[in-house]
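Trainee: Residue numbers (the working numbering), protein chains in the order written: chain A, 1 to 304; chain B, 1 to 347.
In short, the hints are calculated from the structure, not lab data. Just to be clear, a hint being listed does not mean it is correct.
Stated by the list, open to error - Calculated lysine-lysine pairs in the DSS-like style (CA-CA distance at most 27 Å, straight line):
{"no.": "1", "chain 1": "B", "residue 1": "321", "chain 2": "A", "residue 2": "160"}
{"no.": "2", "chain 1": "B", "residue 1": "102", "chain 2": "A", "residue 2": "188"}
{"no.": "3", "chain 1": "A", "residue 1": "160", "chain 2": "B", "residue 2": "151"}
{"no.": "4", "chain 1": "B", "residue 1": "322", "chain 2": "A", "residue 2": "241"}
{"no.": "5", "chain 1": "B", "residue 1": "322", "chain 2": "A", "residue 2": "160"}
{"no.": "6", "chain 1": "A", "residue 1": "231", "chain 2": "A", "residue 2": "189"}
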Amino acid sequence: MRKIKCALIGSGNIGTDLMYKLLRSEVLEPVWMVGIDPESEGLKRAAEKGLKTTHEGIDGLLPHVEADNIEIAFDATSAYVHAANSAKLNELGVLMVDLTPAAIGPLCVPPVNLADLAGDRPMNVNMISCAGQATIPMVAAVSQVQPVDYAEIIASLSSKSVGPGTRANLDEFTYTTSSALEKLGGAKKGKALAIINPAEPPLIMRNTVYCEVEGTPDQDAITASVHAMIKEVQRYVPGYKLVNGPDFDGNRVAIFLEVAGLGDFLPTYAGNLDVMTAAAARTAEMFAERILDGSFVLPKPEMA
Amino acid sequence: MSKSAMEGMKVKLHDMSLRDGMHAKREQISVDMMVQIARGLDAAKVPYMQVTHGAGLGGNSIQHGRALASNAEYISAVADVVENSVISVLLIPGLGTMAELKEAYDCGARSVHVATHCTEADTSPQHIAFARELGMDTSGFLMMSHLNSAKGLTEQALLMESYGANTVYVTDSAGAMLGHEVTEAISMMRDALKPETEIGFHGHHNLGLGVSNSIAAIGAGATRIDASLAGLGAGAGNAPIEVLSAVCDRMGIDTGSDTFALMDLAEDVVVPFMDHVVRADREALTLGYAGVYSTFLLPAKRAAQRFGLPARDILVELGRKKMIGGQEDMIQDTAMTMAREREAAAG
Numbered sequence: 001m002r003k004i005k006c007a008l009i010g011s012g013n014i015g016t017d018l019m020y021k022l023l024r025s026e027v028l029e030p031v032w033m034v035g036i037d038p039e040s041e042g043l044k045r046a047a048e049k050g051l052k053t054t055h056e057g058i059d060g061l062l063p064h065v066e067a068d069n070i071e072i073a074f075d076a077t078s079a080y081v082h083a084a085n086s087a088k089l090n091e092l093g094v095l096m097v098d099l100t101p102a103a104i105g106p107l108c109v110p111p112v113n114l115a116d117l118a119g120d121r122p123m124n125v126n127m128i129s130c131a132g133q134a135t136i137p138m139v140a141a142v143s144q145v146q147p148v149d150y151a152e153i154i155a156s157l158s159s160k161s162v163g164p165g166t167r168a169n170l171d172e173f174t175y176t177t178s179s180a181l182e183k184l185g186g187a188k189k190g191k192a193l194a195i196i197n198p199a200e201p202p203l204i205m206r207n208t209v210y211c212e213v214e215g216t217p218d219q220d221a222i223t224a225s226v227h228a229m230i231k232e233v234q235r236y237v238p239g240y241k242l243v244n245g246p247d248f249d250g251n252r253v254a255i256f257l258e259v260a261g262l263g264d265f266l267p268t269y270a271g272n273l274d275v276m277t278a279a280a281a282r283t284a285e286m287f288a289e290r291i292l293d294g295s296f297v298l299p300k301p302e303m304a
Numbered sequence: 001m002s003k004s005a006m007e008g009m010k011v012k013l014h015d016m017s018l019r020d021g022m023h024a025k026r027e028q029i030s031v032d033m034m035v036q037i038a039r040g041l042d043a044a045k046v047p048y049m050q051v052t053h054g055a056g057l058g059g060n061s062i063q064h065g066r067a068l069a070s071n072a073e074y075i076s077a078v079a080d081v082v083e084n085s086v087i088s089v090l091l092i093p094g095l096g097t098m099a100e101l102k103e104a105y106d107c108g109a110r111s112v113h114v115a116t117h118c119t120e121a122d123t124s125p126q127h128i129a130f131a132r133e134l135g136m137d138t139s140g141f142l143m144m145s146h147l148n149s150a151k152g153l154t155e156q157a158l159l160m161e162s163y164g165a166n167t168v169y170v171t172d173s174a175g176a177m178l179g180h181e182v183t184e185a186i187s188m189m190r191d192a193l194k195p196e197t198e199i200g201f202h203g204h205h206n207l208g209l210g211v212s213n214s215i216a217a218i219g220a221g222a223t224r225i226d227a228s229l230a231g232l233g234a235g236a237g238n239a240p241i242e243v244l245s246a247v248c249d250r251m252g253i254d255t256g257s258d259t260f261a262l263m264d265l266a267e268d269v270v271v272p273f274m275d276h277v278v279r280a281d282r283e284a285l286t287l288g289y290a291g292v293y294s295t296f297l298l299p300a301k302r303a304a305q306r307f308g309l310p311a312r313d314i315l316v317e318l319g320r321k322k323m324i325g326g327q328e329d330m331i332q333d334t335a336m337t338m339a340r341e342r343e344a345a346a347g
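For reference, chain A alone in the conformation it holds in the complex (with noise of 0.2 Å):
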């Protein structure tokens, strides 16, 4: 069967751990990765693997875009650059899935909206953050027994799995993940904590998610649309996982995950990376899917 052809722009943690996602892939085929730096360990994997590699940045990728059929490119390199970047490659007909907190496009969590998505045909869909693809499932199953007044996330990363880029701009990760706490989780107000844990070996990922509920929280119906949530998360994530909770103090509902990921670049400590490529690739193959079937067109450039 065809495979859609991806780009991976930028050759960091996420970059690398996304490629090897995307090689398991029975409908996407990573084709280019792009970095800024020739000495970077993720493009010496990408080219190990067979990938097409320019440490040429963006406009190194260009040229090559249409006569490598490239329909699918995947951003992770930074807020800042992100714009510009999906820009360049939405006019030559590329769909762009945003890994960086830009979020210029509609922000996605696979189990909570990606349905929703499929119809909408977006040249431009945001991943929002590690953090965000890890607790905002929490907060929509609690979201969808009673409303929620208040959602507060407390990530806590290991310091070896967070790169440079995320450790220059924290206050993006911190306002985009907050926001999407309330767009996607359906929170009223949303609050997002990072904290980053040099401890040696390193800690696993964890999330603690705060609920304040309107009324008495219904306890039953609460835990049974967490673990089915759990559930749903699994099913692309496989060590996402209840620690403990969901815990009633009040009208606060208290979960505490842990988050292991596949070991693919970085070991099993950084569920963070995994949580965020995994919904990337999965949210990619639902496009491919409808790019392979016909019900999504992507649109031709134009010719200069």
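Given chain A, put chain B in place with the hints provided.
Mentor: Same frame as chain A, but now just chain B:
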């Protein structure tokens, strides 16, 4: 009075009662009380005072507790009455944001501690640069310093200096550092940083060393010391500012502050308003002994009560799991897991 080797040194005291002290009051200090204490500190000529939620900007949360007023309300109220002291705030990237720093500046804050864990300085460049852009006195604040070596701390300090920090702190958040460790870290930083970059020390009194470690820091080249009235702060509290001021007087170290005024403020205002005596009780001592973030004290006591476990056991386990500042959610998580395991073991 006998002379000391530090005679003639100048040190700036930075009061923490209205920020770290918020932890000891479960974030429940009223605006009026803040104003009263701030007036006292100003009159006692303390050059800097920090005013925010205990966890700083963005601190109002389930994770860190909700204060009686917003940071903007606290800062504005204090700025209205303070004449000489500089008002500072705490900003931990990942919790607080630049938007909140700008708001604090607009309310009257002119100094900031930009805080990261002691190995993660590279999460602070945006915030330090922005603070300098606003023209603020900007400190890099290396929390849980006991978890890094002198060499490691120096490397992190150099990063913060390169982002624009004009002061870098050794921050003994767990109150776990010993005097010689403070001396070694600050001496090495002093040799490596630019001469115009100041060094600060922020102690906790969990092992009873808040004052002596501060003196060791001054001896090694620190010129800014954080302290609080009667030690009002997380864990066993900070170095008590009135005691530190008295010791500095005796040693001939010039703080510019009025020791008797600080003694009165501590005794007449702050001690009567404490919820518990801030001291190295069993659990606070455990923090220093096991190297655990001082702010974990009260949440651990609450979790102990709810899940039927000794608070000391929870704290030791948190230390073993290498939990750091900001991971308060892991207190309840750890207590729930321990309670379940103990129940299973008991059959």
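Trainee: Hint by hint, which ones does this structure get wrong, listed from lowest number up?
Mentor: none
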